[in-house]
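K.L.:
Read top to bottom, the protein sequences are chains B and L. Quick note: the first sequence, position 188, residue 188 per this note's numbering, numbers continuous. Quick note: the second sequence, position 507, residue 507 per this note's numbering, numbers continuous.
Any given hint could be a false lead.
Here are the in silico distance ranges between beta carbons for each label pair [stated by the list, open to error]:
| # | chain 1 | residue 1 | chain 2 | residue 2 | range |
| --- | --- | --- | --- | --- | --- |
| 1 | L | 256 | B | 134 | 52 to 58 Å |
| 2 | L | 311 | B | 57 | 27 to 33 Å |
| 3 | L | 332 | B | 227 | 34 to 40 Å |
| 4 | B | 63 | L | 352 | 37 to 43 Å |
| 5 | B | 57 | L | 225 | 36 to 42 Å |
| 6 | B | 213 | L | 332 | 28 to 34 Å |
Hints were generated in silico from the structure; no laboratory data involved. Just so you know, these numbers come straight off a predicted model, no measurement behind them. Cβ coordinates follow ideal geometry from the N, Cα and C atoms, glycine included.
Okay, here's what each chain looks like letter by letter:
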Amino acid sequence: MSARILVVEDDERIRSSMRLALEGEGYDVDEAESGEDALDHFSAQSSDVALIDLMLPGMDGFECCRALRRQSAVPIIIVTARTDTHDVVAGLEAGADDYVTKPFVAKELGARIRALLRRARPAEDEPKVLTFGDLELLPDQGVLRRRDGEEIHCTRTEFRLLCELAANPNKVLSREQLLDRVWGYDYFGDGRLVDVHIRRLRTKVEPDPALPRHILTVRGMGYKLVP
Amino acid sequence: MSTNGSADDRGGRRRHIGRPGWGRLSQRPGLRARVTLMFGLGALVLSVAMGSLAYFTARHYLLSDQENAAKKVAFQSARYVQGALPGNADITGLLESLDAGAGVASHSVLYHNGGWYSSVTSVSQQALSPALKGLVRSGTPATQNFTLNGAPQIAVGVPIPSVKADYFEIFNVSDLAHTLRVLALTLFGAGLITTALGYALGRSASGRSLRPLNSVSRAAMAIAGGNLRTRLPAASDDPDLAGLTLSFNRMVDQLQERIERETRFTSDVSHELRSPLTTLSASVEVLESHRDELSTRDRRALDLLAADLRRFQRMVDELLEISRSDTGSAELWLEDVDADELVRRAVAVSVANLRRPEEAQADGVPTIDVDAVAGVRLRVDKRRFERIMANLLENAYNYGGGATRVTAEPGPVRHGQPTVRVSVEDHGPGLAPGERAKVFERFYRGQAAGRRGTGTGTGLGLALVAEHVRLNGGKVWAEAGDEGGARFVVELPVTTDSEGPRLDEWEPV
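So that you can see chain B by itself, here it is in the shape it has in the complex (with noise of 0.2 Å):
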């Protein structure tokens, strides 16, 4: 079975085009053309990926990606026509996984996205169960939890960087590293998405993101992980 990329688009021609180019990649497409449109459609047919443009009219990109955020962990890349870092902060801020600016390339969006479908990597070697602090991660099942049994609501793309971290304790992964094994990026990808996905991590594991414990940073290396 195809995944469903559902794109949000107010641009009538790019929404076409950008169809025509994902199914020809071998994606089913739904199109949506207002942020309001696309959590309608969402509700009622849910999809694997969603694109979302960051300027449309009436609820922007931003307002979107956290809305759809609220009710799911689905792969959100958004479209941005700008490349200032306020634009892509906000946008992984607001809960994307990945970004991607115009004019993009189909093929490049098309590994981006077969990225983002990738299972966290089960190495052979690899515990089922990887634990730190007082939480558990389940990588084949692509849980996280506390060790009293409450489950801790993460992306697809947060849960395999915290996969990436835990499976190396006390190990310095350098950005490019994460950035490979999560992203499936070259050296030259974006290192703010490791950044961004590693503060949103924090405000999820650490007892106080601001004093971190668990997700160190190692400055001017990378990042570890501390049991």
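Dock chain L against the given chain B, drawing on the hints supplied.
P.N.:
Below, chain L without anything else, positioned relative to chain B:
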């Protein structure tokens, strides 16, 4: 010819405008020095004038006072001589007694009956001038100033006709001369102090009055450096400066508004172009995926469309990038990276992007020699560095028959900071010395010898290289390569402090 003429005219006018202002300023002392000098000179002239006036007034007064006193004493002595002389045989004794009784340092000389007598042997009638003697002989009292044994003297001559004698009294006035010398020294000292004070006052006053000018100059420098938010603080209490501040700030406001409007326009245009470009590129990609099903003619048309679409897209991206650099809104995303890995990766990515499938075998991949900088850390914006390499390699590909070698090696130490030099060499015809700086100008089209195809570049590639290198704190230039081609050299500073940039604590703008 006409273009040459107009260029000369422009140059001439510029020089003409420049000359009265900055041209001359560089040759003569600065405003502050001149004001200071003027204050110093003024104080000097004033103190010389006042000092001289004081000195000569005091001198005149003291001298006439002294002369009057001397005359008074001499007349008294003469009266005594008039009474005591007749019948007195010991004239010298009489004169000695006069010296002792006068109460001042004086000596007496008397002419009587064709003979000269004096109270002391050291002072004789020879010291008296013939003019004085003549005047007194003719019956007129007179005075004479002279110097005796280095000491200033006043001689007062009084005729005493009743006893047929001429009486002269010689006063030592070295006390007065000493007083005048002390006075002159004091006035000279006061003059010196006044001049120094005037100089200091001029310096401080000019410094103070130039302070607004200095702050204007600093603000102008900051604005020229790209910080358009710079304003002068409002000088509310000073009506003279308020005008300057107000007009300066208003000028910068307008400048900023204008620049922002223009940049916003460039940026808006670039953004607006992105929507149709998205549709175009997505649609062309759909067509390209069915390339094999098209006829040769259609395929050729599609290739043309696709190639120019990519170029168009690049141009929009690069215009946007350049407009960001122009307004100083370019964001730098610094990371500490290994120089050798960075160069190797950047070349690999760029070469892969450069080659279209149909050109895969067209040129050899450049040899990469980066071992000399293994482990050297650079603090750079990786994305920008990748663009630098991509554009240099593309430039070599378009104009230099392809890059032959990419080298990274330690560069010279600049301002105490070691550097790394990355160079890209091609085997094209090379660049004429006059062209080497010009190639970094926007939309510069050079001799274009050995150029591949027409209109392959965007005209902004090397200009952006210069911008990216500048933002990364480095330098870039073109020179002659070892094998006759061109060599582009990028020099970047090496990270020397152990503190790396913080990873996740940057502030989004």
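K.L.:
For each hint, tell me whether it holds in the structure or not.
P.N.:
Going through the hints against the structure:
1. L:256 - B:134: 52 to 58 Å: 54 Å, holds
2. L:311 - B:57: 27 to 33 Å: Check passed, 32 Å falls within 27 to 33 Å.
3. L:332 - B:227: 34 to 40 Å: Roughly 35 Å apart at Cβ, these two residues keep to the hinted range, so it holds.
4. B:63 - L:352: 37 to 43 Å: Because 39 Å falls inside the window, the suggested range holds.
5. B:57 - L:225: 36 to 42 Å: 40 Å, holds
6. B:213 - L:332: 28 to 34 Å: Holds - the Cβ-Cβ distance for residue 213 (chain B) and residue 332 (chain L), about 31 Å, lies within 28 to 34 Å.
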